[in-house]
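Mind the numbering: the sequence shown is residues 143 to 684 in the numbering used here, read in order.
Rather than coming from a laboratory, the hints here were simulated on the basis of the structure.
Every residue gets a Cβ at the ideal spot worked out from N, C-alpha and C, and that includes glycine.
Heads up, a few of these hints could be off.
Said to hold, decoys possible - Label pairs and their calculated CB-CB ranges:
#	residue 1	residue 2	range
1	Asn586	Thr259	47 to 53 Å
2	Thr259	Asp308	41 to 47 Å
3	Gln289	Pro569	38 to 44 Å
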Amino acid sequence: MSRTSTVLAIHPIRRLFAGLALGLVLAAGTPSDAYAQTYNADGWTVLQPSEDTRFVFVSSSEGNDQNSGRSPAQPVRTIARAKELIRDGYPDWMLLKRGDVWNEGLGSWRASGRSNTERSVIASYGDSDDRPKLILTDISGIIAPYQQDTSHVAIVGIHFESNRTDSSPRGIRWLSTGKDLLVEDCYIGGFKDNVTIEGQGDGFSDVIFRRNIVVDAWSISSHSQGLFINRTENILIEENVIDHNGWNPNIAGANPTGFNQNVYVQTSTENTTFVGNITARASGAGAQLRNGGIARHNLFYANPMPLRFGYNSSSNGNSGNASGEVKFNTVVGGPLSNPNAGSSFGIWLERLDGVEVMHNVITTNQSGESNIWGFSLHGFARNGIITNNVVYGWNDASGAGGQFLRSAANAESTLLIKDNIWFLTAPSYQLFRIDHPSNFHFVNNRFANLPATQDAFRIQGNSRINFNQWSGLAMVNGDQLQATSFVDPGRNLKDYAQHLGFTDEVAFLEAARQLSRRNWRPELTAEAASAWIRAGYQVQPN
Numbered sequence: 143m144s145r146t147s148t149v150l151a152i153h154p155i156r157r158l159f160a161g162l163a164l165g166l167v168l169a170a171g172t173p174s175d176a177y178a179q180t181y182n183a184d185g186w187t188v189l190q191p192s193e194d195t196r197f198v199f200v201s202s203s204e205g206n207d208q209n210s211g212r213s214p215a216q217p218v219r220t221i222a223r224a225k226e227l228i229r230d231g232y233p234d235w236m237l238l239k240r241g242d243v244w245n246e247g248l249g250s251w252r253a254s255g256r257s258n259t260e261r262s263v264i265a266s267y268g269d270s271d272d273r274p275k276l277i278l279t280d281i282s283g284i285i286a287p288y289q290q291d292t293s294h295v296a297i298v299g300i301h302f303e304s305n306r307t308d309s310s311p312r313g314i315r316w317l318s319t320g321k322d323l324l325v326e327d328c329y330i331g332g333f334k335d336n337v338t339i340e341g342q343g344d345g346f347s348d349v350i351f352r353r354n355i356v357v358d359a360w361s362i363s364s365h366s367q368g369l370f371i372n373r374t375e376n377i378l379i380e381e382n383v384i385d386h387n388g389w390n391p392n393i394a395g396a397n398p399t400g401f402n403q404n405v406y407v408q409t410s411t412e413n414t415t416f417v418g419n420i421t422a423r424a425s426g427a428g429a430q431l432r433n434g435g436i437a438r439h440n441l442f443y444a445n446p447m448p449l450r451f452g453y454n455s456s457s458n459g460n461s462g463n464a465s466g467e468v469k470f471n472t473v474v475g476g477p478l479s480n481p482n483a484g485s486s487f488g489i490w491l492e493r494l495d496g497v498e499v500m501h502n503v504i505t506t507n508q509s510g511e512s513n514i515w516g517f518s519l520h521g522f523a524r525n526g527i528i529t530n531n532v533v534y535g536w537n538d539a540s541g542a543g544g545q546f547l548r549s550a551a552n553a554e555s556t557l558l559i560k561d562n563i564w565f566l567t568a569p570s571y572q573l574f575r576i577d578h579p580s581n582f583h584f585v586n587n588r589f590a591n592l593p594a595t596q597d598a599f600r601i602q603g604n605s606r607i608n609f610n611q612w613s614g615l616a617m618v619n620g621d622q623l624q625a626t627s628f629v630d631p632g633r634n635l636k637d638y639a640q641h642l643g644f645t646d647e648v649a650f651l652e653a654a655r656q657l658s659r660r661n662w663r664p665e666l667t668a669e670a671a672s673a674w675i676r677a678g679y680q681v682q683p684n
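Working from the sequences, and respecting the hints, build out all of it.
Now the structure itself:
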């Protein structure tokens, strides 16, 4: 979809708003036409008021609830009063003054817009570079009431932050029927669940979640997620920074577990697109896309389970298989939140059904675990292809090469593993483990630094075999031992951070967490970081 600028209608308030608050637009990328967004030249969604839009201005520093709220010169002070002026079913806009602070949430939000081009909008006005901040103690940021149809809502450029000690508020919680929720350029941090979208009744549809900062969710009493989505269809999650969710080392009992994720998209979802995101330092999964979808151009760093794609929802048969694609992702190892997780993998694939896994780079494991895999396949699977991927230096805690491909999958039809490069930087005791080899086909894969006599392949639990024996199997065609020279092997996120002038990857992530529409820096995005890292793994011509 092309990025197109849209000029606001010439109307006194609308013209004033255009000058004050075009912090009100969303990020660029490649969404499907189903999302029907229009972007300006910088890639932010253009939201345009209607002729009957009512603007309500809110300022904690200058407002008075006796004011009309209808202009920046007459703002109300409290969000509660502003909500009274917003009409359900109209394209009304609540505008919070940038740089102001409230200890008041948006509460139960019952006002729907008119359509996906005439939304009910919560956004900002003013000249400050700082978003309007809701600093909340024991309350949630905004909630769509349980089972109410709350549709056509945009939340843009708002800072939601919890400074709680032990309660369990949520940042954005959508428990709605209906459709069309846009969340852009928001900061959501420190809640039990930073963002929860759970469709009710017949479910919710059409969610766009882009260029947000989602960080530091934690809980001492239950599971905790950065972003949790359930019973929802048509979901776009794009160009967000999602970091350090599910645990808090400064709070007793807020420990990392495998049940707490940066991103958790349940099996009851449909049509998920996850593209261009940084997801780092999760308690558990960097992203768990249980029903598959599209995962492209993401950067995963220091997650115990970087990407889980699909889910084993039944013990046999093909019920619940995941379809879609996993392409052009970069997985970089790093110190884990949970040093006792026991295992670590790059990309976990489960119950695949026609999935293409292509052009991914998995590199430089630093987890300190002893049981690690580059790719891990599970459940029943069919008609999948894993091709043109690179796994480099995915070593275990002892320094030995890990399992570059482990498969417990029982393939009902063809699984093709083709044209991949498995680059060892240390000897591997078990490079491949294939429990159910029927319908697997290995074609033209390249193994670098693997001695031909090393027993690094294990089939059906039998004794390990060496490459010469492997290449003689009927399911193997054209695999070869071949010295491989990359442009700059070993590139990781620390290298990219230092390339930009940061001390290390922690400093890079801290800078990425400060991104907003007012200070957007393309070099701090997943697309830029991933492209630079991946360029190091291009094969040098002979």
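Check each numbered hint from earlier against the structure, then list the numbers of those it violates in ascending order.
3
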